[in-house]
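What follows is each chain in one-letter form.
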Amino acid sequence: MPLLNTLPDYVLTTKTDELINWMRKSSLWYMLFGLACCAIELMHTGGPRADIERFGATPRASARQSDLMIIAGTLTLKMALRTRLLYDQMPDPKYIISMGSCSNCGGLFQLAYSVCDGVDKVLPVDVYVPGCPPRPEALTEGLIKLQEKIMSERWLARERTAEL
Amino acid sequence: MEALQIYERLKQRFPDKITEVGGKPDAFAVIEPAALLDLCRFLREDPDLAMDCLSNETGVDYKDHVAIVYHLFSYSHRHSCVLKVKLARENPAIGTVEEIWHGANWMEREIFDLLGITFEGHSDMRRILMPEDWPGHPLRKDFVEPLEYHGISTVRESPIIRLDQKK
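From first to last, the protein sequence lines are chains A and B. Numbered as in this note's numbering, the first sequence ends at 183 without a single skipped number. Numbered as in this note's numbering, the second sequence ends at 252 without a single skipped number.
To be clear, the hints were calculated from the coordinates, so they are not data collected in a lab. It is possible that part of the hints are untrue.
Pairs of lysine to aspartate or glutamate residues, derived as EDC-like cross-links and limited to a Cα-Cα distance of at most 16 Å, are as follows [stated by the list, open to error]:
#: 1; chain 1: A; residue 1: Lys97; chain 2: B; residue 2: Glu233
#: 2; chain 1: A; residue 1: Lys168; chain 2: A; residue 2: Glu37
#: 3; chain 1: A; residue 1: Lys97; chain 2: B; residue 2: Asp123
#: 4; chain 1: B; residue 1: Lys169; chain 2: B; residue 2: Glu105
#: 5; chain 1: A; residue 1: Lys97; chain 2: B; residue 2: Glu195
#: 6; chain 1: A; residue 1: Lys168; chain 2: A; residue 2: Asp145
#: 7; chain 1: B; residue 1: Lys169; chain 2: B; residue 2: Glu233
#: 8; chain 1: B; residue 1: Lys96; chain 2: B; residue 2: Asp133
#: 9; chain 1: A; residue 1: Lys97; chain 2: B; residue 2: Glu230
#: 10; chain 1: B; residue 1: Lys171; chain 2: B; residue 2: Glu105
#: 11; chain 1: B; residue 1: Lys226; chain 2: B; residue 2: Asp146
#: 12; chain 1: A; residue 1: Lys113; chain 2: A; residue 2: Glu156
#: 13; chain 1: A; residue 1: Lys113; chain 2: A; residue 2: Asp139
#: 14; chain 1: A; residue 1: Lys113; chain 2: A; residue 2: Glu167
#: 15; chain 1: B; residue 1: Lys148; chain 2: B; residue 2: Glu105
#: 16; chain 1: B; residue 1: Lys171; chain 2: B; residue 2: Asp149
#: 17; chain 1: A; residue 1: Lys97; chain 2: B; residue 2: Glu175
#: 18; chain 1: A; residue 1: Lys97; chain 2: B; residue 2: Asp218
Output of the computed footprint for chain B on chain A, the stretches with three or more beta carbons under 8 Å from beta carbons of chain B [to be verified]:
#: 19; stretch: 95 to 108
#: 20; stretch: 123 to 132
#: 21; stretch: 135 to 148
Glycine is no exception: its CB is placed at the ideal position from the N, C-alpha and C atoms.
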């Protein structure tokens with residue numbers, strides 16, 4: 020007889036990794052980090068129409084409470100060092116969504132003297148969202164992609180392979 | 086008052102301090118750097134001129150010299166004028182107009198940041214846009230962008246060129 024049928028109805032069985040991942044992906048608190056015009060779209064994405072709070076993503080004002088940094092806008096070289104500092108303040112595991120052309124590669128301002136040509140020059144990026152600026156739907160898609168990535172992570176299995 | 090009339094009035098008040106009047110459609114006056122502060126104070130305090138607003142202050146690099154451009158406007162008389170000051174390219178410095186128009190503070194910091202013109206007597210002469218440890222002044226014609234800043238590369242390869250090289 021399978022194990023499932025012996026348990027009462029209110030007990031669910033799952034893998035620990037998947038449970039952890041599911042809990043983490045369902046409460047992705049993102050840091051409010053608007054650098055330029057993309058921030059307007061980021062606000063829309065958090066607003067009632069696109070409403071990424073449906074997916075458990077809610078804005079936090081502090082890096083220390085955040086799991087996710089959505090870099091929305093042009094990253095200047097002056098800001099790049101501060102961004103790295105903020106990223107270091109975030110608790111692990113942490114993720115980065117690079118939103119819009121400017122943070123992907125420098126975008127329109129790539130040849131400017133003051134602009135960092137892409138966030139990936141400074142920080143590890145998980146999801147790139149193209150667009151100038153990306154629509155709220157695109158950012159939502161980016162968040163869902165990130166959730167898929169989180170679901171594919173293996174925490175306990177990784178330790179086991181390390182022993183082998 | 087038209088801009089040219091304003092310059093005529095300035096010439097009467099400060100003879101020899103205005104070296105050149107010209108430019109179309111917006112006339113400008115080139116003035117001696119040493120006379121800048123007296124001239125600006127007169128422009129602001131004279132009741133017929135009453136230039137109470139410094140709309141814009143900016144700098145230009147002309148390769149053989151640098152210039153600062155002052156756009157002045159009077160709210161009471163609804164007239165405006167443009168002043169230019171030419172400076173030598175090496176270590177240019179000029180007095181600040183911050184005490185006459187407070188709004189000059191940030192604009193002069195920007196000119197200092199991007200063109201390297203120092204304003205003597207400025208209350209807070211720091212860079213405003215670029216990082217404090219940035220080398221050089223980016224809007225100078227001979228500025229060469231450094232290849233990296235604190236380990237951050239300032240060059241990004243074009244993905245299109247890379248695809249070509251693969252072929």
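Going through the hints against the structure:
For the given pair, Lys97 (chain A) sits about 13 Å from Glu233 (chain B) by alpha-carbon distance, which is consistent with the 16 Å threshold. At most 16 Å may separate the alpha-carbon atoms for a hinted pair to count; Lys168 (chain A) and Glu37 (chain A) meet this at roughly 12 Å. Between Lys97 (chain A) and Asp123 (chain B), the direct Cα distance comes to roughly 38 Å. Violation of the 16 Å bound is thereby established for this hinted pair. Straight-line distance between C-alpha atoms of Lys169 (chain B) and Glu105 (chain B) comes to about 9 Å, which keeps the hinted pair within the 16 Å bound.
Distance restraint check for Lys97 (chain A) and Glu195 (chain B): the Cα-Cα separation of roughly 15 Å lies within the 16 Å cut-off, and the hinted pair is therefore satisfied. For the hint pairing Lys168 (chain A) with Asp145 (chain A), the CA-to-CA distance comes to about 9 Å; that is within 16 Å, so the pair holds. Among the hinted pairs, Lys169 (chain B) with Glu233 (chain B) is inconsistent with the structure: their alpha-carbon atoms are about 36 Å apart, more than 16 Å. Our distance criterion of 16 Å between C-alpha atoms is met by Lys96 (chain B) and Asp133 (chain B), whose separation comes to about 15 Å.
Taking the CA atoms of Lys97 (chain A) and Glu230 (chain B), the gap is about 15 Å. The hint holds against a cut of 16 Å. Only pairs whose Cα atoms come within 16 Å are accepted, and Lys171 (chain B) paired with Glu105 (chain B) is accepted, the gap being roughly 11 Å. With a C-alpha separation of about 7 Å, the suggested pairing of Lys226 (chain B) with Asp146 (chain B) holds against the 16 Å cut-off. At roughly 23 Å between alpha-carbon atoms, Lys113 (chain A) and Glu156 (chain A) are farther apart than 16 Å, so this suggested pair is violated.
Simply put, Lys113 (chain A) and Asp139 (chain A) have alpha-carbon atoms about 15 Å apart, close enough for the 16 Å limit, and the pair holds. For the suggested pair Lys113 (chain A) and Glu167 (chain A), the alpha carbons sit about 15 Å apart, so the restraint of at most 16 Å is met. Between Lys148 (chain B) and Glu105 (chain B) the alpha-carbon distance is near 19 Å, which puts this suggested pair outside the 16 Å criterion. A threshold of 16 Å between alpha carbons decides the hint, and for Lys171 (chain B) with Asp149 (chain B) the separation of about 10 Å falls inside it, so the pair holds.
Taking the CA atoms of Lys97 (chain A) and Glu175 (chain B), the gap is near 27 Å; set against the 16 Å cutoff, the hint is violated. At roughly 10 Å between alpha-carbon atoms, Lys97 (chain A) and Asp218 (chain B) fall within 16 Å of each other, so this suggested pair holds. Judged by the Cβ-Cβ criterion of 8 Å, the stretch 95 to 108 of chain A is covered by chain B as claimed, because 4 of its residues qualify and three suffice. For the stretch 123 to 132 of chain A, the stated coverage by chain B is satisfied: 4 residues place a CB nearer than 8 Å to a CB of that chain, which reaches the threshold of 3.
For a cut-off of 8 Å, the count of residues in the stretch 135 to 148 of chain A with a CB near a CB of chain B stands at 5, and the three-residue condition holds.
Violated hints, listed in ascending order, are 3, 7, 12, 15 and 17; each of the other numbered hints is respected by the structure.
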